[in-house]
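Participant: Each chain, written out:
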Amino acid sequence: MTKMLEKAPVLLQQPLDEKTFRLRLGAAQIARQVQPGQFVHIKLLAPGGSLLRHPFGVAAVDVDGGTLDIIYRVTGPFTRVLTTLAVTNEVSVLGPLGQGFDLSAQRALLVGGGTGLAPLLFLSARLGSSKTDVLIGGKTETELFWQDLFRPFVGHAFVTTDDGSCGTRGTVMAVLPGLLLKGYDRIYTCGPSPMMKAVAHECMLRRIACQVSLEKYMACGLGACLSCTCQGREKRMKICTDGPVFWSSEVTEW
Amino acid sequence: MVSSLLKTDMAGLHLKTPLIAASGTFGFGIEFADLVPLEQVGAVCVKGLSLTPSCGNCGQRVVETPSGMLNAIGLENPGCAYFLEHILPKLQTFDVPVIANIYGHSIEEYAAVAQALDVNGVSAVEINISCPNVKQGGLAFGTDPQTAAKVVKAVKANTHKPVITKLSPNVTDIVALAQAAEEAGSDALSLINTLLGMKIDIRTHRPVLGNMVGGLSGPAVRPVAVRMVYQVAQHVRIPLIGMGGVERVEDVVEMMMAGASAVAVGTANLYQPDTLLTLTRELQDYCVREKVSCVQDVVGQALPQGKQSMPYFQKKEKV
Ligand SMILES: Cc1cc2nc3c(=O)[nH]c(=O)nc-3n(C[C@H](O)[C@H](O)[C@H](O)COP(=O)(O)OP(=O)(O)OC[C@H]3O[C@@H](n4cnc5c(N)ncnc54)[C@H](O)[C@@H]3O)c2cc1C
Ligand SMILES: Cc1cc2nc3c(=O)[nH]c(=O)nc-3n(C[C@H](O)[C@H](O)[C@H](O)COP(=O)(O)O)c2cc1C
Ligand code: FES
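From first to last, the protein sequence lines are chains L and B. First residue of the first sequence? That's 1 in this note's numbering, and the numbers climb one at a time after it. First residue of the second sequence? That's 1001 in this note's numbering, and the numbers climb one at a time after it.
Source of the hints: derived by calculation from the structure; they are not laboratory data. Ideal Cβ positions, reconstructed from N, Cα and C, are used throughout, including at glycine. Don't take each hint at face value.
[As the list claims (entries may be wrong)] Using 20 Å as the maximum straight-line C-alpha spacing, the simulated SDA-like pairs for lysine to any residue come out as follows:
#, chain 1, residue 1, chain 2, residue 2
1, L, Lys-43, B, Thr-1065
2, L, Lys-7, B, Thr-1278
3, L, Lys-216, B, Thr-1065
4, L, Lys-216, B, Val-1213
[To be verified] Partial list, computed: chain L residues near chain B (C-beta under 8 Å):
#, residue
5, Lys-3
6, Arg-53
7, Met-173
8, Ala-219
9, Cys-220
10, Ala-224
11, Cys-225
12, Thr-229
Use the sequences and the hints to build the structure in full.
Facilitator: Given below as structure tokens:
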């Protein structure tokens, strides 16, 4: 898959909650090629913006329209500047980067928390609602706009919240063991490391194949600078090019 | 096609352009092949190689800083044997000179790496002397002129390739280090490596990088690099490869005017991966626009007496 650089106009900036936004970019060539689980590396073009690119999983594509969406949460300087972008602004997009999810699941459960749900949204759109359920872990009910986003693409959306304001009280682990008895042949998970580690462990006990999407601070995104390496079961792995999606059995560092 | 205006011959290397990919920022070149036609690059300097594979540092390895970044990769690399067997053959399918950047934890290791890489397909060796000397309490080889000279001599004795010594800027007197490397037989100098720095997360009260300290690079260090090239150019008879924060064609020209015969691009590859391609085109345009008959005419123009201030050119004119 060829990596490309596109100057991408901002086509939509939509607030999803106080700190989470959906950004639509016109990047036709990347949108045509990108697979669920792959990411794009974005550089701000306005003077005074961040020097480095920042990685974001692709949350949706419209191949005919030539657009891709990311869903981001404001956590620091880069994402703060992202919120100021409006139609007429442009960013530079490098992609598609990394290895995406294996799409061979027959019945999949997607388990995500926070913006880890973004790449899973794209995955659910590709797998389709007849094969796919999602388990959404949130802090409070305000994060549950995710339910609306997933609705068209999944059979069931299971929900947990830390404070019990929506769905089952607790983390995704409060309901996962029960769900794993329901015949899923594949679990895909993306979110905070402790969540993914717990999910992967549970899947191992039940002998269900599990894919995880890892994160580490990245500079190049191309496998050149070795900012993002981690120790795999058999070899050193670069998260940006060997991942970000790995079989959970390959991962030793969370 | 690259214009012959950019041709650069130095230290026995025949380069199509004076633009080199800096070590550690361009992988083994192949990673960039989708975005930069490698045959248009002057040379690819590969990630620092050691005798055996190295895993590098734990924890967060890079962080952005104002107009730059800190890195503490810890010289992770697959080792020379893996490089020779699996990477070099692929890189050789591209028509681009390969510079092997090497490091060791002892003088013997430097010598052994140089010997292992003395093979077809490697055009030159660049010695990273910013590595900690394990036997001398971890002080970098590159901070003491005598130790640096020993490393250079050991490498020279174990290779037939041109040897480039890459200087550390974390010294009081860069000229003393440059002269020591020259006297020890170095065929060229690269400068600068990264400047030691640190960033603290005030929320966690801890340094951000797993290694605590890291090397500063990017536009923030450019004025330091230009100053060091300018100083060293007036005191050595060997050519210089200037680097540090180069991102625009103006920066390439500035580095050359300060006395660099070639210019390496590092951090810019990470945030704008097609930088080398853009710079090649723009440097060509610069030569045409400024009516210079070849890019090498620019070298040393900012020195007090132009090229006359550079012993490198005085020597050339005598022979
Ligand atoms: C493969 C991958 C996919 C990602 N997908 C999404 C996504 O879909 N939505 C989303 O909101 N976020 C995503 N992220 C995280 C996103 O890159 C960071 O939130 C963003 O870079 C923060 O930058 P900042 O300056 O706003 O915050 P900062 O204050 O700089 O950092 C906040 C947090 O983001 C991390 N971070 C900062 N810079 C980088 C970087 N260059 N690479 C990786 N992590 C970084 C920091 O370590 C810290 O944990 C993804 C990260 C990776 C590695
Ligand atoms: C991520 C990273 C890794 C690097 N690795 C090496 C290395 O292995 N060997 C070396 O001699 N220099 C290494 N360097 C230093 C660069 O080659 C260059 O000297 C320095 O970054 C200054 O140039 P720049 O500002 O253009 O990046 C590295 C720099 C960075 C940013
Ligand atoms: S981010 Fe540079 S190697 Fe992964």
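Participant: Any hints this thing doesn't respect? Which numbers, in order?
Facilitator: As far as the earlier hints go, only 7 is violated by this structure.
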